[in-house]
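Chains as they are written, first to last, in our numbering: chain A, 1 to 334; chain B, 1 to 291.
Possibly wrong hints are sitting among the right ones.
[As the list claims (entries may be wrong)] Only some residues are given here: those of chain A computed to face chain B with a beta carbon under 8 Å: (1) 45; (2) 289; (3) 292; (4) 293; (5) 300.
[What the hints assert, rightly or not] A short list of chain A residues far from chain B (calculated; beta carbon distances all over 10 Å): (6) 32; (7) 101; (8) 124; (9) 127; (10) 147; (11) 166.
[Stated by the list, open to error] Label-pair ranges, simulated between beta-carbon atoms: (12) B:262 <-> A:260: 22 to 32 Å; (13) A:126 <-> B:158: 49 to 59 Å; (14) A:289 <-> B:52: 52 to 62 Å; (15) A:278 <-> B:261: 42 to 52 Å; (16) A:214 <-> B:86: 16 to 26 Å; (17) A:202 <-> B:261: 40 to 50 Å; (18) B:183 <-> A:126: 39 to 49 Å; (19) B:186 <-> A:196: 19 to 29 Å; (20) B:126 <-> A:120: 44 to 54 Å; (21) A:202 <-> B:262: 50 to 60 Å; (22) A:289 <-> B:183: 33 to 43 Å; (23) A:123 <-> B:2: 35 to 45 Å; (24) B:82 <-> A:202: 52 to 62 Å; (25) A:154 <-> B:259: 16 to 26 Å.
Calculated directly from the structure, the hints in this document are not laboratory data. In this text, a Cβ means the ideal position worked out from N, Cα and C, and glycines have one as well.
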Amino acid sequence: MSTPSTPVQSTNHSASQNVLLHKSRWRWWEVLLWAAALSSPWVLSSHALIINEIAIVALFALSLDLILGYTGIVSLGHAAFFGMGAYSAALFAKHVMPDPLVGLAVGITTSAVLGAICSVTIQRGTDLTRLMVTLGVGLILMELANKLDWLTGGADGLQGVMMGPVLGRFEFDLAGQTSAWYSLAVLLVLFVIARRFVSSPFGSTLKAIRDNRLRAMAIGIPVSSRLAVVYTVAAAGAGAAGALLAQTTGFASLDVFEFHRSADVMLVLVIGGVGWLYGGVAGAVVFKLMQDFISNITPQYWTFWIGLFLVVLVLVGRERLVRPWTWFQKGGKA
Amino acid sequence: MLTILFDGIAYGMLLFILAVGLAVTMGLMNFINLAHGAFAMVGGYITVLLMQRLDVPFLLCLPAAFLGAALLGAVLERTLYRPLYHKPHLDQVLFSIGLTFMAVAAVDYFVGSTQQILQLPEWLKGRTELGEGAWMLGMGHYRLFIIAVCAALTVALQYILTKTRFGSRLRASVDDQRVAAGLGINVNVVFLSTFAVGSGLAGLGGALGADVLGMDPTFPLKFMIYFLIVVAVGGTSSITGPLLAALLLGIADVAGKYYIPKLGAFIVYSLMIVILVWRPQGLFVRKGGKS
Numbered sequence: 001m002s003t004p005s006t007p008v009q010s011t012n013h014s015a016s017q018n019v020l021l022h023k024s025r026w027r028w029w030e031v032l033l034w035a036a037a038l039s040s041p042w043v044l045s046s047h048a049l050i051i052n053e054i055a056i057v058a059l060f061a062l063s064l065d066l067i068l069g070y071t072g073i074v075s076l077g078h079a080a081f082f083g084m085g086a087y088s089a090a091l092f093a094k095h096v097m098p099d100p101l102v103g104l105a106v107g108i109t110t111s112a113v114l115g116a117i118c119s120v121t122i123q124r125g126t127d128l129t130r131l132m133v134t135l136g137v138g139l140i141l142m143e144l145a146n147k148l149d150w151l152t153g154g155a156d157g158l159q160g161v162m163m164g165p166v167l168g169r170f171e172f173d174l175a176g177q178t179s180a181w182y183s184l185a186v187l188l189v190l191f192v193i194a195r196r197f198v199s200s201p202f203g204s205t206l207k208a209i210r211d212n213r214l215r216a217m218a219i220g221i222p223v224s225s226r227l228a229v230v231y232t233v234a235a236a237g238a239g240a241a242g243a244l245l246a247q248t249t250g251f252a253s254l255d256v257f258e259f260h261r262s263a264d265v266m267l268v269l270v271i272g273g274v275g276w277l278y279g280g281v282a283g284a285v286v287f288k289l290m291q292d293f294i295s296n297i298t299p300q301y302w303t304f305w306i307g308l309f310l311v312v313l314v315l316v317g318r319e320r321l322v323r324p325w326t327w328f329q330k331g332g333k334a
Numbered sequence: 001m002l003t004i005l006f007d008g009i010a011y012g013m014l015l016f017i018l019a020v021g022l023a024v025t026m027g028l029m030n031f032i033n034l035a036h037g038a039f040a041m042v043g044g045y046i047t048v049l050l051m052q053r054l055d056v057p058f059l060l061c062l063p064a065a066f067l068g069a070a071l072l073g074a075v076l077e078r079t080l081y082r083p084l085y086h087k088p089h090l091d092q093v094l095f096s097i098g099l100t101f102m103a104v105a106a107v108d109y110f111v112g113s114t115q116q117i118l119q120l121p122e123w124l125k126g127r128t129e130l131g132e133g134a135w136m137l138g139m140g141h142y143r144l145f146i147i148a149v150c151a152a153l154t155v156a157l158q159y160i161l162t163k164t165r166f167g168s169r170l171r172a173s174v175d176d177q178r179v180a181a182g183l184g185i186n187v188n189v190v191f192l193s194t195f196a197v198g199s200g201l202a203g204l205g206g207a208l209g210a211d212v213l214g215m216d217p218t219f220p221l222k223f224m225i226y227f228l229i230v231v232a233v234g235g236t237s238s239i240t241g242p243l244l245a246a247l248l249l250g251i252a253d254v255a256g257k258y259y260i261p262k263l264g265a266f267i268v269y270s271l272m273i274v275i276l277v278w279r280p281q282g283l284f285v286r287k288g289g290k291s
C-alpha cells in the first residue's frame with residue numbers, strides 16, 4: 001500500500017515547487033526594464049546625479065520592504081542601518097582604503113551586525129512597542145554620531161572622503177555617470193538576491209508570519225529566528241544603500257540618521273506598493289521626481305506637500321491610489 | 001542635587017500633561033497618533049502669539065491654548081481621524097506623520113522658523129532657595145507653578161476617570177466598544193470629547209512648556225519621541241502609569257544632561273529600549289488587560 005502514496009507525494013511536492021518557481025521566473029518586461037535602467041545614465045547623461053539618488057532610495061526602500069511588506073513589521077528606525085552603512089563606508093574609505101567595493105562590503109557587514117543585535121528588540125510586544133524601539137535605535141545612533149565628534153565630525157559631518165575607482169578602472173566623475181552605474185549595478189545585484197530570498201520557501205514562511213503569527217507558530221515555523229534573519233538581511237540592504245550614498249557623494253552627515261529619512265523611505269515604499277519588490281523601485285522613481293519637482297517650486301515648504309500627499313493617500317486608501325479607476329466606486333469596508 | 005530632582009519633577013510633570021492625551025488616544029482608541037505633538041505646538045503658538053501680538057495676560061492664554069487645541073482636535077477627529085480607527089497601524093502611522101509634516105511646514109510658513117521667546121509675567125520669574133550646600137533646593141517660581149498646575153490637573157483627571165459617569169462610560173467604551181454601544185452609550189460622542197480633551201491637554205502642555213522646551217516649528221518632531229516614550233513605558237491602561245513614566249523620564253533626562261552632558265539624550269533612549277524589551281506592554285500595566 002505504500003507504493004501509490006509516493007508518486008502522489010512527489011507530484012504534490014513538485015506542484016508546490018512549481019508554484020514557487022513560477023513566481024520567481026523572470027518575465028520579459030523585467031529584463032527590458034533593467035536594460036532600460038542600466039542604459040539610463042548613458043541616455044540621460046545630464047540627469048545621472050538624480051538617477052544615482054533614485055537607485056539608492058530604491059535600494060533602501062527594497063530593504064524596508066523585506067521587513068515591512070513581507071514580514072509585517074512596522075519600523076520607524078530603518079535609517080539607523082542606512083546611517084550605519086554610510087558612516088562605516090565613509091570612515092573605512094577615509095582611514096583604511098579607498099576601494100569602493102571593499103567599502104561597500106564593510107558597510108553591509110557593519111549594518112548586518114547591528115541589525116542582528118537589534119533583531120532582539122523586535123521580537124516581542126505590539127506594533128507600538130516596535131515603533132518605539134526602532135525609532136529609539138535610530139535616535140541613539142544619531143546621538144552617538146553627534147557626540148563622538150572626534151570620529152564622525154559631529155554636526156559638521158564627515159568630510160573629505162575620497163573614493164578610489166570602481167574595480168580599479170572606473171573613476172568617479174563629476175557628472176555622476178560612474179556613480180549612477182555603480183549604484184544601479186549594486187541595486188540590480190541586491191534586487192536579484194532579494195527576489196531569490198522572498199520567493200524561496202523561507203520567504204513564504206515570512207509571509208505566513210505576516211499574515212498570522214500565531215498560526216505560523218502553530219504550523220512549526222520558528223518565528224523568532226526567522227524574524228531575526230530577515231531583520232538582519234534588511235539591515236544589510238539598508239547599509240548597502242547608505243554606503244552607496246556616502247561613496248557617491250563623498251560625504252556623510254547626521255542627516256543620514258534623521259527621522260525624516262525613515263519616514264521618507266516608508267513613504268517611498270507605500271507609494272510604490274508594499275509587499276512587491278518593484279514597489280520600492282517604482283516608489284523611488286515617483287518620489288524623487290516629485291521631490292525634485294516640488295522643491296523646485298517651493299524649496300522650503302515641500303514637506304507640507306509631502307504631508308498632504310500622505311494624508312490623502314491614507315484617506316483614499318493605499319490600494320486604490322494606484323488604481324485611479326476605482327476611486328469613485330463604492331469600496332468594500334476595510 | 002535636590003534642585004536637579006526638583007527640575008526633573010517639573011519637567012516630568014510637564015511631559016505628563018503633554019503626553020496624557022496621547023495615552024488616552026493610543027490606549028483607548030488604539031490609534032497610533034504621531035501628530036500629537038502638533039496639537040501641543042498649536043497650543044504653544046496660540047500662547048506665544050496672543051502674548052506677543054495682543055498682549056493678553058499669561059494666565060488667560062492658558063485656557064485659550066487649551067480651547068484652541070481642543071477645538072482643532074474635535075474638528076480633525078470628526079473629519080479625518082474617525083475613518084481611520086479601524087485601519088491597520090501602518091496607515092495610522094503614515095497619516096499622522098503626514099499631518100505632522102503639514103503642521104511643521106504650515107507654522108514655518110505663517111510664523112517663521114525662528115524660536116519664539118515667551119515673556120513670562122514678573123511674578124513667575126523669581127527663584128526661591130532653601131537649605132545650604134549640597135542639599136540646597138533652588139525652586140524656580142515658574143517650575144513651581146508648572147508642578148502646581150499639573151498636580152491639580154492630574155487629580156482632576158483621575159477623579160473624572162474613576163468617579164464620574166463620563167469616566168465610566170469612557171472606560172466601558174474602551175473595554176468593549178460594541179457592548180458599550182449596545183448599552184446605549186454613544187461611543188462616537190465619548191471618543192470625540194475624549195480626543196478633544198486629549199488634544200486640549202496637549203495644547204495646554206505646549207503653552208506651559210513654551211518657555212521650558214522652546215517653541216519652534218520642529219517642536220512636534222523633536223518631542224514626539226518623548227511623548228511616545230511616556231506612553232509606551234507607562235502603559236496605556238491608567239493615569240498613574242504614564243505619570244510615573246513621565247516623572248522617571250523627566251528626572252532621568254535632567255539628571256543625565258546635568259551629570260553626563262557628553263551623552264545627552266542617549267541615556268533616555270537606551271533606558272526606553274531596555275524597558276520595552278524587558279516589558280513590551282509597559283512598566284505599569286494591570287494584569288489581564290487587553291493586549
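Consistency of the hints with the structure:
1. 45: Violated. Min distance 34 Å.
2. 289: 19 Å, violated
3. 292: Hint violated; residue 292 of chain A Cβ to chain B Cβ min 18 Å, cut 8 Å.
4. 293: Check failed: Cβ of residue 293 of chain A comes no nearer than 16 Å to chain B, outside 8 Å.
5. 300: 7 Å, holds
6. 32: 32 Å, holds
7. 101: 34 Å, holds
8. 124: Violated, because the least Cβ-Cβ distance between residue 124 of chain A and chain B comes to about 4 Å, which does not exceed 10 Å.
9. 127: Given that some Cβ of chain B is not farther than 10 Å from that of residue 127 of chain A, nearest at about 4 Å, it is violated.
10. 147: Incorrect as stated: the minimum Cβ-Cβ distance to chain B is 6 Å, not above 10 Å.
11. 166: About 36 Å separates residue 166 of chain A from the closest Cβ of chain B, which puts it past 10 Å; holds.
12. B:262 <-> A:260: 22 to 32 Å: For residue 260 of chain A against residue 262 of chain B, whose Cβ atoms are near 26 Å apart, the range 22 to 32 Å holds.
13. A:126 <-> B:158: 49 to 59 Å: 25 Å, violated
14. A:289 <-> B:52: 52 to 62 Å: 41 Å, violated
15. A:278 <-> B:261: 42 to 52 Å: 47 Å, holds
16. A:214 <-> B:86: 16 to 26 Å: For residue 214 of chain A and residue 86 of chain B the Cβ distance comes to about 21 Å; the hint holds.
17. A:202 <-> B:261: 40 to 50 Å: 46 Å, holds
18. B:183 <-> A:126: 39 to 49 Å: Since the Cβ atoms of residue 183 of chain B and residue 126 of chain A sit about 28 Å apart, the hinted range of 39 to 49 Å is violated.
19. B:186 <-> A:196: 19 to 29 Å: 54 Å, violated
20. B:126 <-> A:120: 44 to 54 Å: For residue 126 of chain B and residue 120 of chain A the Cβ distance comes to about 49 Å; the hint holds.
21. A:202 <-> B:262: 50 to 60 Å: Distance hint for residue 202 of chain A, residue 262 of chain B is violated at roughly 43 Å.
22. A:289 <-> B:183: 33 to 43 Å: Given about 53 Å between the Cβ atoms, the range is violated.
23. A:123 <-> B:2: 35 to 45 Å: 41 Å Cβ-Cβ, so the 35 to 45 Å window holds.
24. B:82 <-> A:202: 52 to 62 Å: For residue 202 of chain A against residue 82 of chain B, whose Cβ atoms are near 40 Å apart, the range 52 to 62 Å is violated.
25. A:154 <-> B:259: 16 to 26 Å: With Cβ atoms ~21 Å apart, the hint holds.
Going through the hint list in order, the structure does not satisfy hints 1, 2, 3, 4, 8, 9, 10, 13, 14, 18, 19, 21, 22, 24.
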